[in-house]
Every structure is written in structure tokens, then in C-alpha cells.
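Sequences are here, hints too, so could you generate the full structure?
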Amino acid sequence: MASLDLDWIRTIVVTGGAGFVGSHIVDDLLAHCPNARIRVLDAFTYAADMSHLDAAFRTGRVTLQDGDVGNLDLVTEMLKDADLVVHAAGESHVERAFSVPERFTLANALGTQVLVEAMGRRRVPLMIHVSSAEVYGAGNGQPMGELAPLLPDNPHGASKAAAEMLIAGLRRSFDLDIRVLRPVNIVGTRQNTEKLLPRFLELAAVGRPLPVHGDGLQTRGFVTMADFCSALRAVVTRGAENATYNVAGDDFLDILAITRLVLDAVQDPVSGVSFTAGRPDNVSRPPLDTRALKALGWQAKGTLRRELPMLAAWYGARIPVGLRRQVRHVPDLAPQRVQAVTQAAGSGLFRSLERH
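First residue of the sequence shown? That's 1 in the working numbering, and the numbers climb one at a time after it.
Some clues are possibly wrong.
Once the Cα atoms are required to be at most 25 Å apart in a straight line, the calculated SDA-like pairs of lysine to any residue come out as [what the hints assert, rightly or not]:
{"no.": "1", "residue 1": "LYS294", "residue 2": "ALA148"}
{"no.": "2", "residue 1": "LYS294", "residue 2": "THR219"}
{"no.": "3", "residue 1": "LYS195", "residue 2": "HIS213"}
{"no.": "4", "residue 1": "LYS80", "residue 2": "GLY67"}
{"no.": "5", "residue 1": "LYS301", "residue 2": "ASP5"}
{"no.": "6", "residue 1": "LYS195", "residue 2": "GLY316"}
{"no.": "7", "residue 1": "LYS294", "residue 2": "LEU30"}
{"no.": "8", "residue 1": "LYS301", "residue 2": "TRP314"}
{"no.": "9", "residue 1": "LYS195", "residue 2": "GLU95"}
Since the hints were made in silico from the structure, they are not lab data.
Here's what the structure looks like:
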């Protein structure tokens, strides 16, 4: 159902709109912003997929630009007459960040810098920046509020924290309204199989054991995609100028509990758990304090337990029948390293990534 609070929006730009989170944001905004047209910008790296936008394209209200958020001239053109920017582009997989940290810095930090500069040039009224709870690091076991120090403990979290610092400085320089969301792990369809839940669901669907690093007692927070999208809308319509909001559902589980839920949700074939050596980076994450978001009238409605049967069916259906006894191909977690090539483009940066 459309919201009267969103009727004023005519043009929306969504970066990373062909990815997991971005494509769901596009679908949600189409449903709730009846007068809006959406421009999608996506660089189509490994986690993006044109098919994620099939339903959106059928509305006739979505256009797509293949390009890098770090291209200042392109982004400035994309933002012409925009009422709202939702910045969901970037690299997101913690494990991959250890292999190619420079890619995360370029996409997450410098890409955000370029986008904010373009926003300042075009005087866009509002941007929602999708950050991550990874900026807090391991925490101390207590719920983390938005004013907690940013102490990231991996390259992905560091790149997200750097993006937030750039936003904090640039929005003052350009007099902008940029609101930040810090979600825990978002669960939904269309996610790349490098991530925990899709990987577990597909392994269970082909009867392979679920790999658990260490003792499996590392904790994780989750929020459903529907709840995340409703949080984004709440922040657009009722959020404070330049405010930051934690986004988390009621699920705060250790890895072993997650494996039990997955094995219960997946229809045959199914297997058990295999334990492997722990990784230094595989540590618990703290719960988040979401009182600021709830003060806007938001409340999490979904749970991982209720969501998993649907997700198990969706991810299981992606595996061809003839391959159900094999492990589906998962993207390499250590891709070729990239060389950053920078050149002046106004006072921003245009970057291409050249493989070697």
C-alpha cells in the first residue's frame, strides 16, 4: 500500500539496484511510491543480476544505467532532478574483504565520497546510505547504540566506517541531509551463495554437511528484507536530518542454532554439520539497540524461523534437478586482485578496475 508520506517523491536513484539489497529496495519503493520513477545504477559485479529487476522493469517506471558509482560525471548526470538517493552499492562480504581489501576501499569508501559530491552538485534533498553493523566490530556483548564507537575489526567494516566518516564531513561541507542505516545481516531471496544462509540452504538441499568454523557459538543478528525495507521508508518519512539508525530484528543467534533452523527448514535431501578450524575473523557480533528506529514507529515483524521455509524453497529451486547431488558452484572467495587506476574528474575520482 502506498504511503501518503511518500507521494512527494517523483525521482529516485538507487545505486547497486541490481544486487541483493538494492533490487529489493527498488521493488519496495515502487510499491510504496506511486508517483515515482526509479533510476538504477549498477556496475554489475559478480553479486548483481539483471533478473533481479525483472518485475521492476515490467512496471515501466524503472531505467537502468550500467556504471560505476565512482564515476563522478556519470553519477552527477544520474542525480539530475532526483528527490531521493538510496546508496546500496558496494562490496559486502567480510571473508572476501581479506582477499581484496582495496576493492572494498574503492567501492565502499571512495565510491561514497564521489556520490556525496555529486549529490552536493545536484542539491538532492535526501540520501539514505546503507551502511552495516560491521562498523561496530565485536563490541563488548552489550547492545550497541548509534553513539557507540566505531571499532571495525575487518577490512569490510573498516571500509564502511570510512564511508560514514566521509559522509559526516562532506554533508556539512555541502549542507546535505544524509541518513545512515546500520543493519545486521539481512535475509531474503536473491542473495549470493557466498553468504551464510544461502550457502547453508543450498548445501542442505544437495545433502552436504554445513561447515561450522570453530565451536559454532559465534553470535549473529538478523533482520528480514521486508523489515529492512520498512525501516528504510520510516527513516525517509520520519527520520531526523543526518541521523543514524541501527536496524535489527528480534533474532540474535549463534551459528549452531542457525544450522539447526536450516536443517529443520530444508526438505530432503539434508545432512548434518561438519566442524572445521576456527578463523581469527569469525567472531561474535554484538546485539544492536534499535530504540531510535522504534521511536519512528517501526517494529520488526518477521523472524528467521518463519522466513526460512520460504527461503529454503527459493534457494533450493535454483539448483537444477540433475545437479542436486552436487554442490552448486559458489563464487571464488579469493578473486584476482585488482589495480586501481585513478584520474581527475572534476574534484572527484573516476576509477576503473583492471584485472591482472
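Hints that the structure is at odds with (numbers, increasing) | none
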